[in-house]
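There are 2 protein chains.
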Amino acid sequence: MNHSSNEPETESIEPLRYLSKSEVGNIETELLRDYRFGRQQLIEIWGHASAIAITKAFPLTSLSKKQPTVLVICGPEQNGSIGLVCARHLRIFEYEPTIFYPKRSPLSLHQDFTVQCEKMDIPFLSYLPTEVQLINDAYNLVIDAILGPETEQRDVKEPYSSILLTLKQIKIPIASLDIPSGWDVEEASKDGINPEVLISLTAPKKCATGFSGKHFLAGRFLPYDMQKKYELNLPEFPGTECLIEL
Amino acid sequence: MNHSSNEPETESIEPLRYLSKSEVGNIETELLRDYRFGRQQLIEIWGHASAIAITKAFPLTSLSKKQPTVLVICGPEQNGSIGLVCARHLRIFEYEPTIFYPKRSPLSLHQDFTVQCEKMDIPFLSYLPTEVQLINDAYNLVIDAILGPETEQRDVKEPYSSILLTLKQIKIPIASLDIPSGWDVEEASKDGINPEVLISLTAPKKCATGFSGKHFLAGRFLPYDMQKKYELNLPEFPGTECLIEL
Chain A
95 MNHSSNEPET ESIEPLRYLS KSEVGNIETE LLRDYRFGRQ QLIEIWGHAS AIAITKAFPL
155 TSLSKKQPTV LVICGPEQNG SIGLVCARHL RIFEYEPTIF YPKRSPLSLH QDFTVQCEKM
215 DIPFLSYLPT EVQLINDAYN LVIDAILGPE TEQRDVKEPY SSILLTLKQI KIPIASLDIP
275 SGWDVEEASK DGINPEVLIS LTAPKKCATG FSGKHFLAGR FLPYDMQKKY ELNLPEFPGT
335 ECLIEL
Chain B
95 MNHSSNEPET ESIEPLRYLS KSEVGNIETE LLRDYRFGRQ QLIEIWGHAS AIAITKAFPL
155 TSLSKKQPTV LVICGPEQNG SIGLVCARHL RIFEYEPTIF YPKRSPLSLH QDFTVQCEKM
215 DIPFLSYLPT EVQLINDAYN LVIDAILGPE TEQRDVKEPY SSILLTLKQI KIPIASLDIP
275 SGWDVEEASK DGINPEVLIS LTAPKKCATG FSGKHFLAGR FLPYDMQKKY ELNLPEFPGT
335 ECLIEL
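Here the protein sequences line up with chains A and B, keeping their order.
Heads up, the first sequence is in the working numbering, so the first residue is 95 and it goes up one at a time.
Heads up, the second sequence is in the working numbering, so the first residue is 95 and it goes up one at a time.
Isolated chain A (complex conformation) (with noise of 0.2 Å):
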């Protein structure tokens, strides 16, 4: 998939691509729409593969507090779903998740992932600390899975606005699920947060072009027909792996 295949000889391999707003919209509308994929489905795998990512970057044994502790912060939207999803396999990994959902959606197929996570006893917040030093001495990391490149970034509204203010001063990494919350998805933010990992889910959208900080990229799944005509150029999955580390 990656050889271009007029030059036998030379192995040019060519650059992964960084999708568009629209792109990421197209390639969603047409996994559901054309492939029939279910969003409960695509959910659980970019949350499973979310949670996997998580172990790589932040492995049990690497964390300096003694609980594994890792704030969850879950926005309205699929981004929040993906969260949960995420924080629920951290659970069966032995992480001891805690979400942050300040805002639940009234969709079922929302609320289910919900139930699930309180359901297997994950502890809900019920507001988010503006005392920045509690959240550091509390958890080992966040999770930021507040907005995704469905969201219009531009006008951030409360109660996300102050959340991201907080996370801009946290000491903890960050690791952003898909996108950065509070970025544009085709342009990398200079005055937003700073996640130290950043997890894009099926292909890299334009912001995260340069990241400087460590990249996966999650969720193996797609037809290869679909990256073929967006001409993906996804690198090679090691093994039967999920994920794979930029």
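It is possible that some hints are incorrect.
Because identical chains share one entry, a pair is satisfied inside a single copy or across any pair of copies.
[Stated by the list, open to error] Here are the computed lysine-lysine pairs in the DSBU-like style, where the Cα-Cα straight-line distance is at most 35 Å:
#  : residue 1 : residue 2
1  : K160      : K323
2  : K323      : K213
3  : K159      : K322
4  : K251      : K159
5  : K322      : K213
6  : K300      : K284
7  : K308      : K213
8  : K262      : K159
9  : K150      : K323
10 : K213      : K300
11 : K322      : K160
12 : K322      : K197
13 : K284      : K213
14 : K115      : K159
15 : K323      : K159
16 : K150      : K213
17 : K322      : K251
18 : K300      : K265
19 : K322      : K262
Source of the hints: derived by calculation from the structure; they are not laboratory data.
Mind docking chain B on chain A? Use the hints.
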């Protein structure tokens, strides 16, 4: 979880439990009704884990045929859909699955999984050769995703009884998903098919007690409370693996 809490000095490991038919039903009902798992989500988890089990039991490099062909036979209900998801992931893992799915489910849940395979250019057979040698020659193995524990095994109807008769004659290995098709959930069959590999999903069923082939437990997501309630005594899965060989 596996340790008896009353004997802190001698770590007595309780044996893995093998489930009765009613326990299988109760666990599934509880997952769907109380924990609000979705069928689409569970089928994806189980199918993905099954595909990984196949790659462990039959690594690409171990296959004797020139092409990494696999025949996946899918039944009309949930077990069949798990087979469809397994086939899709095997394609992603660079196997060459072919699907035989003689009676397609009328439920859109199952149809969606079918479309995903069709759109990934996985070929569907229109009939199963009765000439056993043709199957032996064309495929490295057969994945039996025909009948699961949800089906009453006593009265296996056509076309499945003929298919099982064919499977009893083939020389290539069979890998069964959840239970070997045609077996009773609670008892091993002496005159049924004889799979080399059994991939028990979530917890093994009674019929798998004493199974002499390669036995995997796949699908790692069961909430701890349910593991405790049903005294499953699941083994510890290594790292982030979604399966373990028993």
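**OP:** Evaluate K213 and K300 at a C-alpha cut-off of 35 Å and name the case that applies: within, between, both or neither.
**Re:** between (37 Å within a copy, 28 Å between copies)
Subject >> 35 Å Cα threshold - placement of K251 relative to K322 >> reply: Result: close neither inside a copy nor across copies, 37 Å intra and 43 Å inter.
**OP:** Pop the pair K322 and K160 into one bin, within, between, both or neither, using alpha-carbon distances up to 35 Å.
**Re:** Close across copies (26 Å), not inside one copy (46 Å); limit 35 Å.
Subject >> Alpha-carbon proximity between K300 and K265, which holds within one copy, between copies, both or neither at 35 Å >> reply: Within one copy only: 26 Å inside, 52 Å across.
**OP:** Indicate which option fits the pair K308, K213 if close means a Cα-Cα distance not exceeding 35 Å: within, between, both or neither.
**Re:** both (32 Å within a copy, 34 Å between copies)
**OP:** Check K323 against K213 for me: Cα-Cα at most 35 Å, and say if that holds within a copy, between copies, both or neither.
**Re:** between (41 Å within a copy, 14 Å between copies)
**OP:** Could you figure out if K322 and K262 sit no more than 35 Å apart (CA to CA) within one copy, between two copies, both or neither?
**Re:** Answer is neither: 38 Å inside a copy and 41 Å across each miss the 35 Å cutoff.
Subject >> Alpha-carbon proximity between K322 and K213, which holds within one copy, between copies, both or neither at 35 Å >> reply: Between copies only: 14 Å across chains, 41 Å inside a chain, cut-off 35 Å.
Original post:
Are the CA atoms of K251 and K159 at most 35 Å apart within a copy, between copies, both, or neither?
Top reply: Result: close within a single copy only, 33 Å intra versus 59 Å inter.
**OP:** Pop the pair K322 and K197 into one bin, within, between, both or neither, using alpha-carbon distances up to 35 Å.
**Re:** Close across copies (32 Å), not inside one copy (38 Å); limit 35 Å.
**OP:** Since the copies are identical, ignore which copy is meant and state whether K262 and K159 lie within 35 Å (CA to CA) inside a copy, between copies, both or neither.
**Re:** This pair counts as within: shortest intra-copy Cα distance 21 Å, inter-copy 56 Å.
Original post:
For K160 vs K323, is the C-alpha pair at or below 35 Å within one copy, between two copies, both, or neither?
Top reply: The answer is between: 29 Å across copies meets 35 Å, while 48 Å in one copy does not.
Comparing the model with each numbered hint stated earlier shows that hints 13, 14, 17, 19 do not hold.
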